[in-house]
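These protein sequence lines map, in sequence, to chains A and B.
Going letter by letter, the first sequence gives residues 1 to 488 in my numbering.
Going letter by letter, the second sequence gives residues 1001 to 1490 in my numbering.
Hint data in this document are derived by calculation from the structure and do not stem from the laboratory.
Here the structure is a predicted model, which is why all the values come from computation and not from measurement.
Any given hint might turn out to be false.
Unchecked claim - Per the computed footprint, the stretches of chain B lying under chain A, defined by three or more beta-carbons under 8 Å from a beta-carbon of chain A, are:
1) 1138–1144
2) 1151–1163
3) 1348–1360
Note that the Cβ used here is the ideal one computed from N, Cα and C, for glycine as well.
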Amino acid sequence: MSYLDLLKFASPEAVVVLTALAVLSIGLMAKRSATGCAIVAVLGIVIAIGAILLLPPNETLFGGMLVISPLTSLFKIICLALACFTILLTQAEKAPRHLGEYLALVLLGTVGLMLLVGSEELLMIFIGLELLGLSLYVLAAFDKTDARSAEAGLKYFLFGSTSSAFTLFGISLIYGMTGTTVLSQIAVKLATTSVQPLLAVAIVMTLVGFAFKIAAAPFHLWAPDAYQGAPVPSAAFIASGSKVASFVVLGKIVFIGFSPMHGSSGWHAMVAGWSPVLAALAALSIVVGNLVALAQSNVRRLLAYSAVAHAGYTLIGFVAGDREGFSAALFYTTVYAVTLVGAFGVVGVVRRETGGDDFSNFSGLASRSPLLAGCMVIFMLSLAGIPPLAGFFGKFYLFSAALHAGANHALLWLVALGLVGSFVSLYYYLLVLKAIFVDASSLPVAEAKEQVRPDLMQRGTVAALAAAIIFLGVMPNVLASRILAAIP
Amino acid sequence: MIAWTIYLTFGGAVLLLVLPREFARWIALLATISGLALGTLAFVGMPISNLAHFTTIVRVPWVPALGMNYHLALDGVSLTMVLVTGISAVSTVLFSWDVEYRQNEFFFWLLLVVGGCYGVFLSADLFLLFVFYELVIVPKYFLIAIFGSTNKEYGAMKLTLYSFFGGMFVFIGILVAYVSGGSLDLNQLSQFEFSPQLQSWAFPVLFFGFVVLAGIWPLHTWAPTGHAAAPTAGSMLLAGIVMKLGSYAALRVAMNLFPQGFQIWSKWIAVLAVIGIVYAAAVALRQRDLKFVIGYSSVSHMGFVLLGLATANVLGVSGAVLQMFSHGVIAALLFAVAGRMIYRRTHTRELDALSEMNLSHAMPFAAFTFVVAAAASMGIPGFSGFAAEITILIGAWKTYPVAVWIAGAGIVIVAAFTLRALKLSFFGGKDVQDEVTTATTFRREEFNPITIPEKIGACMLMLTTLAVGVYPKLLLDRIMPAVETMRFLK
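For reference, chain A alone in the conformation it holds in the complex (with noise of 0.2 Å):
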């Protein structure tokens, strides 16, 4: 393996991490070219998902650090294509003051997520955490002149290094147990054990720490804050990109490396294994998720709660455990991150034309901006799941992935529960309709403020997003079938 190899194989992590820099220097010599800043960094992504398409289709280097396969090189590019809405989002916000290292930020994050999804080794897998952590930690607090900012920064950063922590140690104890940190190689050494106290600590270890990135309940109390405080671009990107690549990675987790301790989380035959520990995570996220919703009056946090119950839905997928459950994770969760792109990109715009991102601050959208309010009414069906959008058949195949998975419909339980909690959870969405359709504009004194700048970038981007939420439900066989077939 010479360098001129792994260089060849690891090009688009290279793109990026050049154009990182290279926005960087832009961003330092010339202070006031923001534009600039973002037209590179967005052809840095474009340059790296065509490096990506030029890659052969399979190789493993160093025993599983970087893989290329199939699924990695589909969410490589889903990945990249987040970040690259992300950008496109920055461009409407107030100005931001350093604009070129909020980019290189953004840039770093999403090579964090690109050696996420492209690894299987846990030591690689750790390191792209962090790399995506740290960079969201500074992303999230952002804001110098927010108070709030910096409080997500800094919740999201205690939460974060303690869940590391756990993770770290889950990591060390398989390591020990095993003598392998290669995902294959600790399948192929847990199917001869039996389920010991200490494997399952370290199991549930390792867990922990995605559900943290996942905001699985009660792993989960960072997010809110996060959401709401973070400047709107960065929430998007902590809710959409992370959320992707962690659930790709957890799914690589338990279903390469944990394979033989699926388990069974059956009504009446739970067996003990990574399956009922992640069939108790959703269950607790898709109760706490919606419940909590409930009562939020800021669609920021509301957006949140949201986020608890979905990655809740998304565990669904994973404690089915089969290759469909799989799949249909994948589909549901990468549905979801652009559908809270561009529900994210709608609260940037009435935050800046309002101040604020209350129900209130949305009450009266519908007569100012027939096209957000139109495309905000799609992302919040889609998340309700509504057909004919993407979020609905999104929760269709995952419940009958989920319902295909045991014998005797073993999971119907767990079905049930994800569809009481949809059930609640149209009623908030609604809420949010609610005030953009039907209340009154309360904020007149807001029309000053309004039009500082024309951000067609911006709402070209969110009707974007809404309109494949709109093709992925029409026509959900375009993703769903490549996802099923990246999948071995």
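Following the hints, position chain B against chain A.
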């Protein structure tokens, strides 16, 4: 060709978003009329023998990995429902002719409801059917919450949550059918033998999930509040077609797929249906708001549909389908009079206030329409209501004789509250003949005359109920063969 009812309606809805408001009502009218025309063409042109089976019209693979097809089919039952959808939709647009407030949006939501209904009635794929079924509900929320009256946000939210509460059970039922039967194709699934143990619990989950939307007692309470809160067009669509989605899907999906489960549960359905008929009629007797009276009467009439379904014989089930058609027309007519003709002019629906106004002289056409609608609703021979209810009762006589007696008593109460509403609203309390002449001249100037679109819409609905009432064979000839091929019949 009948598949174009769906495409044209949704196409019209999309057009409404881009064209200026001057065109809004014309696009809506054009879309709904073309839907009705296609339905009528199929009704006239299709040979009756073709309507006995659920015959595929379109079948395109949609998501092959999950076995989903875009699969539309038609038989006599669905054709009848498509027809009533077309009629209600056209008259609804006619009765919303003067909507000025956010009219593009109004007609957009309205066409979404209509298009979704066409979709449900024509779907032959379980997933597709559920997509259309849920698609109908959210536009209803906006239609009521934005454009409604009395307590609209509460009514809209209640209706939506009830619908999705039912939808949740439907979702579980569909998943179970899909996972156990291994297909989403309704024709294939109806051949599949589900295990009796599964049927015994999956049937009620699916059936009661669907009939929440049909207003089954005791889950009917969304209907009166929703009807009262909705704008006229909303109540007409809601009572006219949306409530039928529930009973239609219960028949097409729940009863067809799980016949053994249906055998177990049919008597309980009959019990709930009869309670609904009598209870809702009795409650309607005491209402002060005209729309609440009609709202409860809808629940009562839908009780007949459920009773017909519960009989599990050709006559009863065919009668139920006929009643769906008949009630769709009659309820639309009643709400048109109450919401559009009366409320828009007098700004009240309180029966006490209306009885002071002597409306029969002020609005003779409205009075005439309401008399016809009331007669049809009471089940006077010669109108479609009679034809449908008598068919149901004859069917029920074979299976549940006791239910026939109680439902018969229900019909008497229906007549009582309808007459009460008729008397209080149009032929108010004043007996003194001298006052009438002076009041007449005074009142006639006060209210705007009934407009041409209103007259066309009302005449259309009246003629339909009369035509079906005089010659029910027109529909029954197409419904009964289709029902005969269904599997659950005893």
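Hint-by-hint comparison with the structure:
1. With 3 residues carrying a beta carbon less than 8 Å from a beta carbon of chain A, the stretch 1138–1144 of chain B meets the three-residue requirement, and the given coverage holds.
2. Counting residues of the stretch 1151–1163 of chain B whose beta carbon lies closer than 8 Å to any beta carbon of chain A gives 4, which reaches the threshold of three, so the coverage claim holds.
3. Beta-carbon proximity to chain A at under 8 Å applies to 0 residues in the stretch 1348–1360 of chain B; the threshold of 3 is not reached and the given coverage is violated.
In the structure shown, a violation is registered for the earlier hint numbered 3 alone.
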